[in-house]
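**Q** Take a look at the letters that make up each chain.
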Amino acid sequence: GAVVSQHPSWVICKSGTSVKIECRSLDFQATTMFWYRQFPKQSLMLMATSNEGSKATYEQGVEKDKFLINHASLTLSTLTVTSAHPEDSSFYICSASEGRPGGEKLFFGSGTQLSVL
Amino acid sequence: GEDVEQSLFLSVREGDSSVINCTYTDSSSTYLYWYKQEPGAGLQLLTYIFSNMDMKQDQRLTVLLNKKDKHLSLRIADTQTGDSAIYFCAEADTGRRALTFGSGTRLQVQP
Chain A
3 GAVVSQHPSW VICKSGTSVK IECRSLDFQA TTMFWYRQFP KQSLMLMATS
53 NEGSKATYEQ GVEKDKFLIN HASLTLSTLT VTSAHPEDSS FYICSASEGR
103 PGGEKLFFGS GTQLSVL
Chain B
33 GEDVEQSLFL SVREGDSSVI NCTYTDSSST YLYWYKQEPG AGLQLLTYIF
83 SNMDMKQDQR LTVLLNKKDK HLSLRIADTQ TGDSAIYFCA EADTGRRALT
133 FGSGTRLQVQ P
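Taken in sequence, the protein lines are chains A and B. Converting from the first sequence to this note's numbering requires adding 2 to each position, the first position being numbered 1. Converting from the second sequence to this note's numbering requires adding 32 to each position, the first position being numbered 1.
So here's chain B without its partners, still in its complex pose (with noise of 0.2 Å):
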């Protein structure tokens, strides 16, 4: 089955930027997602990249996509004490409208 994967903890200091990085394995993977959960809430959609783009950016977020490789990267620059949180990457092919989610990845913003 299709299978995603994250590193589980990324530390940074306030200000600088923030990568965070996503492998899968499914290359029927239609949309790719990034979404942000804090504690005791449910997920909020961060962005999203359709497959056949290399690269979205919104605002302080960048998502590049190497499709080759099946590898989902997330870039917040600027990176605030407010972006502490767990980040999930996730895909979905076509015809399955459900997400199959990385483990997540807990973002700490140091001061």
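Bound-form chain A, shown alone (with noise of 0.2 Å):
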């Protein structure tokens, strides 16, 4: 089936620094791309989603000059946090939808853990 990579797996920065998090589709072409925010203990919160060539559309409530999307080319998005502090500590997954509009299938990256000392 079809495969999302993300990487990287986990990272630790410090407070401050700006942190970049890429999603690729392995063998599918994704038009658009999903961000999700996951606390410990908690549902994923959809961030944002990040069409190609143009910009990424945010949720209600997340900063977009904090999370910086970049939706490049029809493999690669990519998730920028910038200056990153404690409270930005989260596990972060992004997902990519194969095939026709309305998505049935959505495969999603293994997750990024972010901790932000």
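In short, the hints are calculated from the structure, not lab data. Yeah, the Cβ is synthetic: ideal placement off N, Cα and C, and Gly gets one too. Wrong hints could be hidden among the right ones.
[Unchecked claim] Per label pair, the in silico range of CB-to-CB distance:
no., chain 1, residue 1, chain 2, residue 2, range
1, A, Leu70, B, Gly47, 31 to 39 Å
2, A, Ser17, B, Lys99, 41 to 49 Å
3, B, Asn98, A, Gln62, 28 to 36 Å
4, A, Lys57, B, Pro143, 45 to 53 Å
5, B, Phe82, A, Gly18, 42 to 50 Å
6, A, Ser7, B, Asp110, 26 to 34 Å
7, A, Leu70, B, Leu93, 37 to 45 Å
8, A, Ser17, B, Ser59, 42 to 50 Å
9, B, Met85, A, His9, 33 to 41 Å
10, B, Thr113, A, Lys43, 18 to 26 Å
11, A, Gly55, B, Val51, 41 to 49 Å
12, A, Leu70, B, Val51, 41 to 49 Å
[Claimed, not checked] In silico BS3-like links for lysine-lysine, alpha-carbon gap of 30 Å or less:
no., chain 1, residue 1, chain 2, residue 2
13, A, Lys43, B, Lys99
14, B, Lys102, A, Lys43
15, A, Lys22, B, Lys68
Got two chains here, separate frames each, mind docking them using the hints?
**A** Structural data, given as structure tokens:
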């Protein structure tokens, strides 16, 4: 089946630094990718929808200047957490849709655990 | 907005059946999904069902959908210790491919 690769799996950084997370669809083209955030013992919350070649659509309450999303190609989307702070520590997961609009199958990356010291 | 709810915890003995329940509010939901998440890992799609279906079976997994009551369930037959994980139900409507997730149900399988 379709594979979505997410990198890195975990990252520890100092407060104030920026961290980039990559999400790649390995064997299919994904015009749309999604970025989710998961706090411990909570559900995934959609942060933003990333469309290839255009600006991302952010959910209410998500700071677009803090969470920069770039979807420069049909197989790669990146999420950059700028000037990270401890409250940004979380598990970030991307997903990509294969197939026709309606997306009955969404494939998820393995996630990135971000810890900001 | 859309809301998806699940019970938080379920404990079963190995070999028994597990039933995880989910309710949702969005009447325009078109696709309903079950995902499995093991510790520190991403989500694994287990199965999905279209809203015009009542039931779908896939090996040990049976999904039941009551669209009138907006109730979805996942039954795992002959539950094994390897099934211990968090199970998320999620829904999407036709126009919006992003998913709305439930809070997840932690399944604990006791030997």
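**Q** Are A/Lys22 and B/Lys68 close enough, with their CA atoms no more than 30 Å apart?
**A** OK: A/Lys22 and B/Lys68 at ~26 Å, within 30 Å.
**Q** Sort out whether A/Lys43 lies within 30 Å of B/Lys102, counting only the CA atoms.
**A** holds, 24 Å
**Q** Using the beta carbons of B/Met85 and A/His9, state whether their distance is inside 33 to 41 Å or not.
**A** Since the Cβ atoms of B/Met85 and A/His9 sit about 36 Å apart, the hinted range of 33 to 41 Å holds.
**Q** Should the hint that B/Asn98 and A/Gln62 are 28 to 36 Å apart at their CB atoms be regarded as holding?
**A** With a Cβ separation near 31 Å, B/Asn98 and A/Gln62 satisfy 28 to 36 Å, so the hint holds.
**Q** Range first: 42 to 50 Å. Now tell me if the beta carbons of A/Ser17 and B/Ser59 are that far apart.
**A** Because 44 Å falls inside the window, the suggested range holds.
**Q** Lying within 18 to 26 Å: is that true of the beta-carbon distance B/Thr113 to A/Lys43?
**A** Holds: the Cβ-Cβ distance is about 21 Å, inside 18 to 26 Å.
**Q** Taking the Cβ atom of A/Ser7 and the Cβ atom of B/Asp110, is their distance within the range 26 to 34 Å?
**A** holds, 33 Å
**Q** Is the straight-line distance between the alpha-carbon of A/Lys43 and that of B/Lys99 30 Å or less?
**A** Distance ~28 Å between A/Lys43 and B/Lys99 Cα, so the pair holds.
**Q** Take the C-beta atom of A/Ser17 and the C-beta atom of B/Lys99, compute their distance, and say whether it sits inside 41 to 49 Å.
**A** Given range 41 to 49 Å: holds, Cβ gap about 48 Å.
**Q** Should the hint that A/Lys57 and B/Pro143 are 45 to 53 Å apart at their CB atoms be regarded as holding?
**A** holds, 51 Å
**Q** Tell me if the beta carbons of A/Gly55 and B/Val51 are separated by a distance inside 41 to 49 Å.
**A** holds, 44 Å
**Q** Between the beta carbons of A/Leu70 and B/Val51, is the distance compatible with 41 to 49 Å?
**A** holds, 42 Å
In this structure, only the earlier hint numbered 1 is contradicted, and the remaining ones agree with it.
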